[in-house]
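Colleague: Could you build all of it, start to finish, from the sequences and the hints given here?
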Amino acid sequence: MEKPASTSTEAAGEVIVEARNLSKTYRDFWGRSKKVALKPLDLEIRRGEIFGLLGPNGSGKTTTMKLLLGLIFPTSGEAVVFGKDATDVSKNDRIGYLPEESYLYKFLDAEETLDFYGRLFDMPPEERKRRADALIEMVGLGRDKKRQLREYSKGMTRRIGVAQALINDPELVLLDEPTSGLDPIGTREMKDLIIDLKKRGKTVIMCSHLLADVEDVCDRIAVLHQGELKELGRVDELLRVTDITQIRSTGLPEAAQAEIRAVIERHGGSDIEIGSPTTTLEDLFLEVVRDTEARPGRRAVQRQDEPAAS
Amino acid sequence: MVLEEEIPAFTSWLGPAVVSYLLIAALVAVFAAVLAWLALSAASGPLAAGDRVYRGVLAGLADLAGMSGRRVWALARLAIQESLRRNVLVVLGLFALIVLFAGWFLDPQSVNPGKLYLGFILAATNLLVCLVVLVLSVFSLPADVKAKAIQTVTTKPVRTSEIVLGRILGFAIVGTVLLVIMGFVGWAFVVRSVSHTHELEAVDLLAERLEDGRVVGYEGRTSLERGHRHRVEIDPDGIGSTDTTQGHRHGVRRIAGDGETAEYALGQVEGLLEARRPLRGKLRFLDREGRPSDKGISVGAEWSYRQYIEGGSLAAAIWTFEGILPDAFPEGLPLEMLVRVFRTYKGDIEKGIAGSVRVRNPTSGLQSDPFYFTAKEFTIDSLLIPRTLAATSADGGTRQVDLFTDIVSGGRVEVVLQCLEPAQYYGVAQADFYLRSGSGTFVLNYAKSCLGIWFSVQGVHSAAL
Ligand SMILES: Nc1ncnc2c1ncn2[C@@H]1O[C@H](COP(=O)(O)OP(=O)(O)O)[C@@H](O)[C@H]1O
Ligand SMILES: [Mg+2]
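Top line first, the protein sequences correspond to chains S and F. Everything in the first sequence is counted per our numbering, starting at 1 for the first residue and increasing by one. Everything in the second sequence is counted per our numbering, starting at 311 for the first residue and increasing by one.
Worth double-checking, as some hints may not be accurate.
Taking lysine-lysine and the PhoX-like style, the derived pairs with C-alpha atoms no more than 25 Å apart in a straight line are [as the list claims (entries may be wrong)]:
#1 F:458 <-> S:34
#2 S:145 <-> F:458
#3 S:106 <-> F:458
#4 F:592 <-> F:686
#5 S:145 <-> S:129
#6 S:106 <-> S:154
#7 S:230 <-> S:34
#8 F:425 <-> F:758
#9 S:146 <-> F:458
#10 F:458 <-> S:35
FYI, nobody ran anything at the bench for these hints, they're computed from the structure.
Modeller: Next comes the structure, spelled out in structure tokens:
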């Protein structure tokens, strides 16, 4: 099969983040090495793509992000962002970061939080106010914007964290486990948000251990395991199973199915599966919620095989 | 005894305070650089370490140059919000408790209750504000680092110097506001708790008459209030003042009547906490024959540091003051005198012992005519020596002389005290005569003390950081 057309345009995009031979070994107080968190890594991320770092807990995803942000110093190699060394403060103007845990000031409320970070970007008051309002609306915290963050649930904290990361309308957004702590709706909204960021020309680097998240939104992924890069490439290519053909249809009678099976067998196909696909739990859940909001007080989704009168 | 605590002039310590502040900051910076160098030397050898420290210092300076006021203010605001939300205002409650406690337990009949209260309040304010700022600055940044909130901040275009400066500024503002609030409350408290007045009955007053029977004034004592009375002196027109007892005095006014039936009213507390900034002189004595002596007559029973001069003789106590400039004393010389009286016969205890004070040119010996006064125990007499004085020369002619052109010579002037009543003695010590150079008002002096606290708070807090 031929490559999707988009690949070539993305490949042409300018490289804005680059890791060269980047590695990190955590040391203890006495300088003895304690933990090799990242083995030498080479990476290029281009403008406009959504790049995912995938890997189990402790595989070095957060470490990689922090290195790219200049929050920690590399043991070897270098990280270059916007053509400058990652530890250069001036690049921060164009970057937004959502930390793994939302490390925010718990004594501020949502509005104050955004106002504070807006000030750090030297934004004038009207612009701060405008952007803060828009972001609070966007992450759905309108009703809770006057509450101190210490009262927020994990999901709400995550949302304000994202809003904070976007306060400066950054070109490059780094999201460390953006969906952790979010309910399925929040997760879906977050994914939509990330895709929306891409549509607006932003570059997104996110990491997650949730395969579904990465699969749904990322253009390219790197798979890390124990600090080592195991796989790097386009999601659709990595996941394409080339020796299976899938056929979908609606309104097909039983007889036709048998006929099709016969045809496939005649052509030498094996391991044939014919049946109704099960939906994902995510889809089911979203359907339940939408239905409940449309018609409150009813048990939402009725199973087909259940008698309606029971 | 004149042992007032001196509150130094604003200008005399503001400059040095700022300078020492900056000096400490510079020292800390140098110390930090040396420490960094030592640490790095261990790892990578002294030369490489030196290079890195040098680059670090350069980066730090560049950092300072590129600071943004808005960001620093944002961080300062954050520090303030943090303090407020961490219930820093609780200390105001604590302060209120301390004030109540002071009202309850401090003795309003002590020698100078205003001073006692104020000292207590200022000490409490100082302690509390320092404590708050210390706790805030010691725990806040590390808590931030621990809670990693600082991580989010450092991914913004913020410089380290801005973070540190913002925090210093924020807590300095918190400290200042606390100080101002406590200052005002403390002030109101002191004023309220020492405020009182006395009664004065006409029958308690004794008229002073000349030989022909004319009244030249009245003398007497006020009613007992808060454990003290004042001696009152009133002129024939009914205007007068009390002496200074317990650190204050009152004005006196006749409001109705005359003579035996007059009614007097005393005003509110005055002169409270007036800082007497004494300009002190050097004391020497002349003995009864007028010869210099290194001691007056020692009267055994009294304090040895105080020396005595005999009345009705040539014995004198002479203070030499230096640095007397017209600018500092535009009105003349405000002389404050505390003279002890030693009586060899009792006489009229209430009346006091007459004496004289003259000013003399230490070079030419030209002296003014005497100013007469009566010395009473335990009171500080004030005498303003005017700029134009009468001087009688040897041939008996009197002429007007100018204090600064004729009497003061090279900034030096002598003040000569003599006791006029034979067989009575004056006791004086060097500290007992002084010139009051500008005494600020209560509010001003109080504000100065608060400012002093402010500086110590800032010192504590930058040290803590
Ligand atoms: N500050 C640190 N000190 C020592 N070890 C650390 C530190 N931070 C992370 N590590 C270790 O480095 C490894 C990678 O951590 P991290 O990058 O946080 O993983 P991930 O984000 O993929 O879950 C882990 O084994 C972790 O224990
Ligand atoms: Mg992580």
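Colleague: Taking the hints in turn, state whether each one holds.
Modeller: Against the structure, the hints come out as follows:
At most 25 Å may separate the alpha-carbon atoms for a hinted pair to count; residue 458 of chain F and residue 34 of chain S meet this at roughly 21 Å. Annotation: proposed proximity of residue 145 of chain S to residue 458 of chain F holds, straight-line Cα distance about 22 Å (limit 25 Å). Restraint check: the Cα-Cα separation between residue 106 of chain S and residue 458 of chain F comes to about 11 Å, which is no more than 25 Å; the hinted pair holds. At most 25 Å may separate the alpha-carbon atoms for a hinted pair to count; residue 592 of chain F and residue 686 of chain F meet this at roughly 23 Å.
With a C-alpha separation of about 13 Å, the suggested pairing of residue 145 of chain S with residue 129 of chain S holds against the 25 Å cut-off. At most 25 Å may separate the alpha-carbon atoms for a hinted pair to count; residue 106 of chain S and residue 154 of chain S meet this at roughly 12 Å. Of the pairs offered as hints, the one joining residue 230 of chain S and residue 34 of chain S holds, with about 23 Å between alpha carbons and a cut-off of 25 Å not exceeded. For the hint pairing residue 425 of chain F with residue 758 of chain F, the CA-to-CA distance comes to about 15 Å; that is within 25 Å, so the pair holds.
The straight-line distance between the Cα atoms of residue 146 of chain S and residue 458 of chain F is roughly 23 Å, inside the 25 Å bound, and the hint therefore holds. This hinted pair checks out: residue 458 of chain F and residue 35 of chain S have alpha carbons roughly 21 Å apart, not beyond 25 Å.
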